[in-house]
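*Asks:* Chains as they are written, first to last, in numbering that gives the first Met the number 0: chain C, 0 to 320; chain B, 0 to 320.
Keep in mind the hints are simulated off the structure, nothing from the lab.
Glycine included, C-beta positions come from ideal geometry on N, C-alpha and C.
It is possible that part of the hints are untrue.
[As the list claims (entries may be wrong)] Chain C stretches covered by chain B per the calculated footprint, using a threshold of three residues with CB under 8 angstroms from any CB of chain B:
id	stretch
1	209 to 222
2	243 to 249
3	284 to 295
[Said to hold, decoys possible] The calculated BS3-like cross-link candidates involving lysine-lysine, where the alpha carbons are at most 25 angstroms apart (straight line), are:
id	chain 1	residue 1	chain 2	residue 2
4	C	K131	B	K78
5	B	K273	C	K258
6	B	K276	C	K258
7	C	K16	C	K28
8	C	K131	C	K78
9	B	K273	B	K258
10	B	K131	C	K78
11	C	K258	C	K273
12	B	K258	C	K276
13	B	K131	C	K75
14	B	K16	B	K28
15	C	K276	C	K258
16	B	K75	C	K131
17	B	K258	C	K258
18	B	K258	C	K273
19	B	K131	B	K78
20	B	K258	B	K276
[To be verified] Computed from the model, here is a short list of chain C residues facing chain B with C-beta under 10 angstroms:
id	residue
21	G74
22	E80
23	T114
24	S116
25	H118
26	M120
27	F129
28	M206
29	G239
30	D272
31	K276
Number of protein chains: 2
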Amino acid sequence: MSLFTIAVHGGAGTIRKEDMSPDMELAYKQGLQEALDAGYAVLSAKGAALDAVMAAVVSLEDNILFNAGRGSVFGKDGKHEMDAAIMDGTNLAAGAVAAVTSVRNPVKLARAIMTESPHVMLSGAGALEFAKLRGLQLEDEQYFYSAFRYEQWQQIQGTDQTALDHDVKLADASVSKAVGEKKFGTVGAVATDQFGNIAAATSTGGMTNKQWGRIGDSPIIGAGTYANNRTCAISCTGHGEPFIRAVTAYDVSCLMEYKGLTLEQAMQVVVHDKLMKIDGEGGMIGVDANGHAAMVFNSEGMYRGVRNSNGLNNVLIYQGS
Amino acid sequence: MSLFTIAVHGGAGTIRKEDMSPDMELAYKQGLQEALDAGYAVLSAKGAALDAVMAAVVSLEDNILFNAGRGSVFGKDGKHEMDAAIMDGTNLAAGAVAAVTSVRNPVKLARAIMTESPHVMLSGAGALEFAKLRGLQLEDEQYFYSAFRYEQWQQIQGTDQTALDHDVKLADASVSKAVGEKKFGTVGAVATDQFGNIAAATSTGGMTNKQWGRIGDSPIIGAGTYANNRTCAISCTGHGEPFIRAVTAYDVSCLMEYKGLTLEQAMQVVVHDKLMKIDGEGGMIGVDANGHAAMVFNSEGMYRGVRNSNGLNNVLIYQGS
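With the hints as extra help, turn the sequences into a complete structure.
*Replies:* What follows is the structure, encoded as structure tokens:
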């Protein structure tokens, strides 16, 4: 039995301890732990890496704290356009969706595109049509609006703050974070299963106030998401445009395949050298087929966690903690 | 002064000499030569590789024989959804557009996204909105419908064929090709200018009868299009899905950067080994900063041409001719 491992991220950027209340910190860490546990449960039951990364990303998409699925930020027109991708390292199968609305779990749609269409990438209204054909769960705007409504509501009802209790403050604080920082808001997971297979998945609500049908790196195979049993599974989070230009996730794979670097070495080169040269702020999580994991970023913080069958279980936000 | 070079392609696939009339062959070769000449004129006037690839791709987009711009194939709903990308090897700047309608020259839109937006990739209705803001030329459905109308018209008017003369036959034949073969229909250009800078551009009308907002490899930086002065500029054409999964264009660059392969060697590995393993049919054109060019494909044919300042000027369709 191989070492099996799951790692998750919930976005990177200017995440500072001094901006974070103990309640918020706890809530983020709980969300990351829940995602780790959802993925780990699949792996420990001899499930596939592909199923583990999907379970972890679904957990993060359903958590309003993170900019993906339910917690997706607002585009310029008030809509939530979401992107996601998934890739199976065993056969390089991949599925991706860009600029889709209404789908509760875009990562499930990405997987349906991978397994039930002849295509890799679908977009916009056409992607939603495919989701409906496949019977995927849809949600109305209310579902995606909740966080924002809390904020609006609190602005109007400011004097009632103490009456609202810690839950509402938490919701409000998370919204402020979501709106202010979420240029880099993304969720993702990578996993190695007991059979030495690996997979990666990424999902995002994109940039706050985004317009013109902008597509970031998350759904681009090779940029935000990549998996290949021979090298690594990678999920990125950061300022999407430089990540696309640097073909970030696949670059890690090439440095391993063609130069013989380890996973950690390759990730360091890409995040601290290649990306920095083109002002690419953010980070990534990765695993290899032996169950090694690494989490590397060049921003102030990255919501992240890793759990493996040797008993490792770490959830972190800032540099080193 | 460096050797300067332009190469173009007009799609790859099951292109057989026995299916092609002399008139058709001549028309395709003329179209490719016009595109080469448009790019070469820019280069010989000390223009930038970026301007040369745009001029060449605009020429191909305006030519109804090729599946891009005016000659784009019909999606399932009768619309023309087009994709394009452009990349500048001097600074890794890139622009891409997916699933856009009505824009006469999607490659110009890709370039406007690169230079006049903070984004790399825009899609759908939002991309069209951006095109309008930038004053790009739009066309009505009539403009994109012409070829199809010729075919419909000839089916109805079959008995009048001889009266129609060679132009109409030509149009009809090209349409039949476009509908039958154009799973792999794409146009593209790569160039090295007198200053040793390189660039790549790709444009496509996608797959006939495509649906669900499918996005192929052409607008994916790293898959269908890539340029980096340190390695190569690449434009691909083929069955888009495997090209995305193989991160085809960037793989050539990595084989050159990390393994020291030449442009031609790297292209051979990717087209004949990497792509074949996942049933990826098609090909690519490439240049390096020294003005070397290569054109490699694993399908029966690829519409292609190359011209350089040493007097080389070749336009080819089949293996070796």
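*Asks:* Against this structure, judge whether each hint is valid.
*Replies:* How the hints compare with the structure:
no.: 1; hint: 209 to 222; result: holds (count 10)
no.: 2; hint: 243 to 249; result: holds (count 5)
no.: 3; hint: 284 to 295; result: violated (count 0)
no.: 4; hint: C/K131 to B/K78; result: 21 angstroms, holds
no.: 5; hint: B/K273 to C/K258; result: 17 angstroms, holds
no.: 6; hint: B/K276 to C/K258; result: 22 angstroms, holds
no.: 7; hint: C/K16 to C/K28; result: 13 angstroms, holds
no.: 8; hint: C/K131 to C/K78; result: 19 angstroms, holds
no.: 9; hint: B/K273 to B/K258; result: 15 angstroms, holds
no.: 10; hint: B/K131 to C/K78; result: 21 angstroms, holds
no.: 11; hint: C/K258 to C/K273; result: 15 angstroms, holds
no.: 12; hint: B/K258 to C/K276; result: 22 angstroms, holds
no.: 13; hint: B/K131 to C/K75; result: 17 angstroms, holds
no.: 14; hint: B/K16 to B/K28; result: 13 angstroms, holds
no.: 15; hint: C/K276 to C/K258; result: 20 angstroms, holds
no.: 16; hint: B/K75 to C/K131; result: 17 angstroms, holds
no.: 17; hint: B/K258 to C/K258; result: 7 angstroms, holds
no.: 18; hint: B/K258 to C/K273; result: 17 angstroms, holds
no.: 19; hint: B/K131 to B/K78; result: 19 angstroms, holds
no.: 20; hint: B/K258 to B/K276; result: 20 angstroms, holds
no.: 21; hint: G74; result: 9 angstroms, holds
no.: 22; hint: E80; result: 9 angstroms, holds
no.: 23; hint: T114; result: 13 angstroms, violated
no.: 24; hint: S116; result: 7 angstroms, holds
no.: 25; hint: H118; result: 5 angstroms, holds
no.: 26; hint: M120; result: 4 angstroms, holds
no.: 27; hint: F129; result: 4 angstroms, holds
no.: 28; hint: M206; result: 9 angstroms, holds
no.: 29; hint: G239; result: 8 angstroms, holds
no.: 30; hint: D272; result: 13 angstroms, violated
no.: 31; hint: K276; result: 9 angstroms, holds
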